[in-house]
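Engineer: Spelled out from the first residue to the last, the chains are:
Protein chains: 2
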Amino acid sequence: MAKKAKGKSPASKWVYGFGGGKAEGDAGMKELLGGKGANLAEMSTIGLPVPPGFTLTTEVCTYFEERGQSYPDDLEAELDLALASIEKIVGAKFGDPANPLLVSVRSGGRASMPGMMDTVLNLGLNDETVEGLATLSGDARFAYDSYRRFIQMYASVVLGVEHHQFEELIEFGKDEKGVTLDTELEADDWKTLVGRFKAMIEENLGMPFPLDPRDQLWRAIGAVFASWMNQRAITYRRLHNIPDDWGTAVNVQAMVFGNMGENCATGVAFTRNPSTGENAFYGEYLVNAQGEDVVAGIRTPQNLTLAGKAANKSKLPAMEEVMPDIFGQLDTVRRTLETHYRDVQDIEFTVQKGMLWMLQTRTGKRTTQAALRIAVEMAQEKLITREEAVARIDPLALDQILHPTLDPNANITILTRGLPASPGAASGIVAFTADEAEALAGKGEDVILVRIETSPEDIHGMHAARGILTARGGMTSHAAVVARGMGRACVAGAGELRIDIPARQMTVRDVSVKAGERITIDGGAGTVMLGEVPTIQPTLSDEFETLMSWADGARRMKVRANADTPVDVRAALDFGAEGIGLCRTEHMFFEGERIVAMREMILAEDEAGRRSALQKILPMQRRDFAEIFEIMAGLPVTIRLLDPPLHEFLPHQDHELEEVARAAEVDVAHVRRRVARLYETNPMLGHRGCRLGITYPEIYEMQARAIFEAAIEAGAKTKQTIVPEIMIPLAATKAEIDILKEVIDRVASEVASREGIKLDYQVGTMIELPRAALRAGEIAKSAEFFSFGTNDLTQTAYGLSRDDAGNFLPDYQAKGIVPHDPFVTIDIDGVGELISIACERGRKTRKDIKLGICGEHGGDPASIAFFETVGLDYVSCSPYRVPIARLAAAQATLGKKGGDGTA
Amino acid sequence: MAKKAKGKSPASKWVYGFGGGKAEGDAGMKELLGGKGANLAEMSTIGLPVPPGFTLTTEVCTYFEERGQSYPDDLEAELDLALASIEKIVGAKFGDPANPLLVSVRSGGRASMPGMMDTVLNLGLNDETVEGLATLSGDARFAYDSYRRFIQMYASVVLGVEHHQFEELIEFGKDEKGVTLDTELEADDWKTLVGRFKAMIEENLGMPFPLDPRDQLWRAIGAVFASWMNQRAITYRRLHNIPDDWGTAVNVQAMVFGNMGENCATGVAFTRNPSTGENAFYGEYLVNAQGEDVVAGIRTPQNLTLAGKAANKSKLPAMEEVMPDIFGQLDTVRRTLETHYRDVQDIEFTVQKGMLWMLQTRTGKRTTQAALRIAVEMAQEKLITREEAVARIDPLALDQILHPTLDPNANITILTRGLPASPGAASGIVAFTADEAEALAGKGEDVILVRIETSPEDIHGMHAARGILTARGGMTSHAAVVARGMGRACVAGAGELRIDIPARQMTVRDVSVKAGERITIDGGAGTVMLGEVPTIQPTLSDEFETLMSWADGARRMKVRANADTPVDVRAALDFGAEGIGLCRTEHMFFEGERIVAMREMILAEDEAGRRSALQKILPMQRRDFAEIFEIMAGLPVTIRLLDPPLHEFLPHQDHELEEVARAAEVDVAHVRRRVARLYETNPMLGHRGCRLGITYPEIYEMQARAIFEAAIEAGAKTKQTIVPEIMIPLAATKAEIDILKEVIDRVASEVASREGIKLDYQVGTMIELPRAALRAGEIAKSAEFFSFGTNDLTQTAYGLSRDDAGNFLPDYQAKGIVPHDPFVTIDIDGVGELISIACERGRKTRKDIKLGICGEHGGDPASIAFFETVGLDYVSCSPYRVPIARLAAAQATLGKKGGDGTA
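Those protein sequences? They're chains A and B, same order as listed. Letter 636 of the first sequence, counting from 1, is numbered 635 in numbering that gives the first Met the number 0, and no numbers are missing. Letter 67 of the second sequence, counting from 1, is numbered 66 in numbering that gives the first Met the number 0, and no numbers are missing.
Among these hints, one or two may not hold up.
Unchecked claim - Here are the simulated SDA-like pairs of lysine to any residue, each with C-alpha atoms no more than 20 Å apart in a straight line: (1) A:Lys843 to B:Glu832; (2) A:Lys352 to A:Gly327; (3) A:Lys740 to B:Val817; (4) B:Lys352 to B:Pro48; (5) B:Lys352 to B:Ala91; (6) A:Lys780 to B:Val817; (7) B:Lys780 to A:Asp828; (8) A:Lys814 to B:Tyr695; (9) A:Lys740 to B:Gly815; (10) B:Lys843 to A:Asp828.
Think of the hints as simulated: they come from the structure by calculation, not from any bench. Small disclaimer: the values here were computed from a predicted structure and weren't measured.
Bound conformation, chain A alone (with noise of 0.2 Å):
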């Protein structure tokens, strides 16, 4: 094939011929031929019958748009060989009024697209050639009716005219015959219809209906063309990351007919079963049908399989009993195209006159138990390697499997939409604060804690919801941050929403619901449904576990999972998460007793009112981080110091500060003075990160202290040795680290000699500022591990908040200036680039030096293949999403980018 693709130059091939037992084309030639016409290729060498026909290329799509819609000068010559050899095949001729060849004009690209032109079936077609149809197939009104089609197929998608017009004559001729079905008109009802319908396109265009079939055939040609660039085309490209210079192909092919008869068929079918995945043929058929009418839902289609009937409790006939033969034909093909395919394929075939005719054959798009269930039978059919199995699965589609989803069969009315923030189907009654969503799930509701946007301070509340919605904030905001943590669904930024919380209501547009009324939320598809939705457990299927552990074997990277809490620690473990990649400290400050104390030490005038506040936590903090190591029984724990600002722990309403105040034993005065003072303009780049440590460094000497017991304290009980990973959050120069890597120490050997230990930790850094990756080099001289934080650096190098970018980055990624939001898909260009050569520089400095990421990007695929080639040692992301690393990693290992068609 690359030998093929290279020659594309002025002396190109520009059409390529198949049919008859052979082709110029085959299935490796999908990039110049598009997928359907490769396939077509593919099919007629390996001896399926396939009506001929021919392929132009993709090339010439690329000529036609570059050149103002003209043509290669060699174009007609080569068509007009083509044709002639599909007439040499079939032994009709193009035009011939008695012996007329009949074709379909059919784009076919890359990637099949909506927006584009799509078919014209029976091209050929006039007012002589009908007349010789009629002869041939001995049915005059299956001639007209034909020929009627084929007019307003072809007015509609070639010249334009709208559909309705044709309806409407349909309409008035029936009410003239007095009937009411079209099948009750007859041959010269519809040759009267055909006159009508000439005489309203001529009135339409100012132009008569074009008779002469190579009139006919090279305007439909030119309308495939020219609809690869409009509008819908480039935005659907647009959105799927399709380059406008791809183009697509056109697929002109001999017409066969499925509705010639009793003895004609036409029918769709998969080589297995697309839902489950049972290795069953399963398809539907219609006797004397187009193609169209299966799928248009007008005849009710019947099975394929005597199987397939018993299971659909249909009453009508298998084709295995109808058409016996044919049927046995179809199941030979069925296993040649899975053998020579090697995967499930979703397949077309007309059966004229008791003749089968394959008009189509491509991947077969199934669901993610299905796919799963294939692969692995694959595999152990020895059909593909493990391998394989393992390159087929979209990583991604794990999330359906993993989480609760929609019933398919209940009936919802949507409230509204926001983004999928995080996946999962969850009902529940609404409550505006954390504290309410608490309450009542104490009493055993469920809850949907439904926020305009969510702080650290509604953790809580978060933890007790069954999901969270709020009103504003992007796929990486807070909320969705957190849900995606806890592994609780979440629609995020639903714009639409109007929250009114002293009113305990919320609205959209004149619907409103009211505290304690019950909502669904999916969390995948981002749609917030009134009342209670029906929802389906997820179970993990053999094949889950069987897959999964042949993607374990086949990773380099290790992957992690980001958690906080003996909760999410042991989610984290469940799913197989080798190690904690992110333990944020923080995150345990908020609750009961913690935020007081927390508080205190902020309000404290000096450092000795702080230490006695941090006193108190040093045991919570402790206990939390010994019960970890203990989940953790040895595997590696990354613990991050403390991060967010500290005006994050302080309230904003004045009786919330009131409270602190009393709690705090101070004046209120003070507490608003504090808050006035911690105030930030841009706190995402503030007083934050080691920066805290530097100037409060009692506050990391308490969260040392707290590692180093809980890590003899978790030693001693597992009867492990745990090398606690601390590490230092926003550093952007190597000094940050050597002096609070001095503190740390210092806290290690006070606590080793008091306790007569040898303690084994690190001190890394999270490399999550374009500094610290340019200054990589020299951070590694002093900090034994990065872990990249790729959500700040992306802020950081893109300058772009991803609490703020909501308002304009959808619209960024619609007009293609971002190819997809870099906070859920890294920028590979950008700040890949800075991952890259902090990466090279930090090993250069220390050859064995530790290297994980720990952002967002951690659990997204395509991501994860860059951190492969970077060569990171680990990715760790949110617990619900480290089986979606663990295989994507090992897609990453396998040098393949994703899987196969899945859904």
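The hints should help you fit chain B onto chain A, whose structure is shown.
Structural biologist: Relative to the frame of chain A, chain B by itself:
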């Protein structure tokens, strides 16, 4: 020198002798011998009378610190040899009771450093040698006075005995004798006191005062080296970027005495007047005195020259008349030193019994006015080259002569201190709002505008005021940047200030200042003073003009100015700007009707509404641009399209919101909603810069139209070709520039075809995001020039909000984490690498791409030196910094890093 310095090895030479007309070192060996030692050696070599001595090198210090305060093995032997050499020259022996050699021990590093052990004189005296000294000098009182002084000094600086304990014993002694002056004590009295001193010391330290001269010497040397690592010295070094490993040298030198009688004297002098720069010998002396007496202020020093005596209206005789011979020798020394060192020297000398001895020479500190005159005159005298003259002026020192300064003779009461945000001294009455400042200024009052922090809404008040004082914000806060741009004095971030706007007063601790009361600020020093302090207006000397013309001839980079209004642009031109590197269009939006139209635009519901509001702004923008183009008459002008987030244009106070609603004829609730919607968590990383242009292309369209129409108008008036440079801010991708360039190009071709004129213009971008720097190669495909926005680039590369950094950045500097404020001097290692990368990649794509910088660093000499290394075409800074930048750019071209020791 290089050769000698290389000899750093265990086989090093540790001791360098000098005296007797030769020396082992020279002036080039400051790193090894310290400044003092190197110059003593140099003076010896060129034949000046220097008391013999030797220098222990800085390497001994490093050895001492690194090896637990021990010395190299061979040091003692080298020292013995050097000491013997002194003894031989002087003809006396160290510790010889009959003919004792006395020495001084002084520290002397590469840079002078307070906090270290300084000087011990008369070392070598003890109960025996003091008698020898008495005999030799024939003056027992002199001998015992010297002895007791030695004990006091030695005990204080070497042994750490507190000074006051000696004072008390002396007082007691005088009481006993019934006298009041030290001079009334006689030889025996001092002898008695010496005994008491020794007893007191022994009681304090538990060991006797060391009487063995060698013991005295080694301990003094050890004290000097140890003082290198004392806390005060360490702190000083951190603050002044002096590396710990420089170390200090120790100079041991034979004593000479200026206090042995009337044929003795001591003095200090400058080879030219350090205050005016006049080429006249300038200095003071005292007969029969020791060096410390001249500076101690106990006796009134006398003038060296008759001219000096006349100028100072002194009645005391000049040395020129008292000791004409010695004066003649000294004047010869003066000429020798200037010719030899090619710069003004600051010297110390002693006359012992009619014999002149030189004790020190170093480069003389001088005022900026003097520095200019000296440099220019020395170049005219051919003593130095013009390039050297240019290199010798500290560009930052020019600030002194470009702005009003406080009268140094005025009495001042400092209220508080802040950051020296914009130089100049200004007095005025306090106003707490911009409107009030404007109103008062309209009545002819001098006003100081005092704000917690300023915002773009305050611009008119800042313009009206003489100076600005803020309680919050750093060196690059809004107040600081705008004040520097306008040439207003500004003290920013005066953290002690409590401003109570309703009460119309500000308070520092218990001192309050009410609106209408008068204060004075010194923006160069960061001080805030009560009442009016007289100021001195700057006058620019001929020497300034001469030197600047030499600088202009020497530099490669162009110097432009950041200026937004015709007034500022004119000021920039007056200061020698060769173009406008940054014209911020948003500052134009805040005045009068403009802000009303701007707000109408922001509040509009749709594009049509926005367009109608923009239509009102168009003629005003056009007028501004036309005026600017006319003033610059063909010089390049870079206009930045709208940059700040829209919320900056909306007020936040209730009554203001109501006003805006009334003016825009909309509901106040609508205004409130809009304000709420525009709220951003991190506005610095939000919806601003070209992101606004992408969302609202009509804004940039209007601005482009105003620019092109103004260029045509100004072109017609000035008969110059105006080539506007249109700058797109905050781009992160090439796509953003492509989309906006299309808008600009379309407007250009519309205007051009309407006017029938060919328009010449460039479209470029700011590089102010790390991603943009990395993607510069791609961006340069579309951008015709880059202007580095180093403020934002520093903020994003460092993850550091300049508005918030004030909370911890000073601490970071104090702890040595950052060597300097990265918003003042560019962070070469991090931000600098991004600039280098962008320059390299930009040039690779577009060979002749124009590269400049318009961040605050454009006026910082150290940063300008860096910009020269990456080959920028120009720097752009605030108008009042233009002379500084011109000089700094010249020095950068000359490859020199800074000036000499000008103060």
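Engineer: Just pull the numbers of the violated hints for me, sorted ascending.
Structural biologist: none
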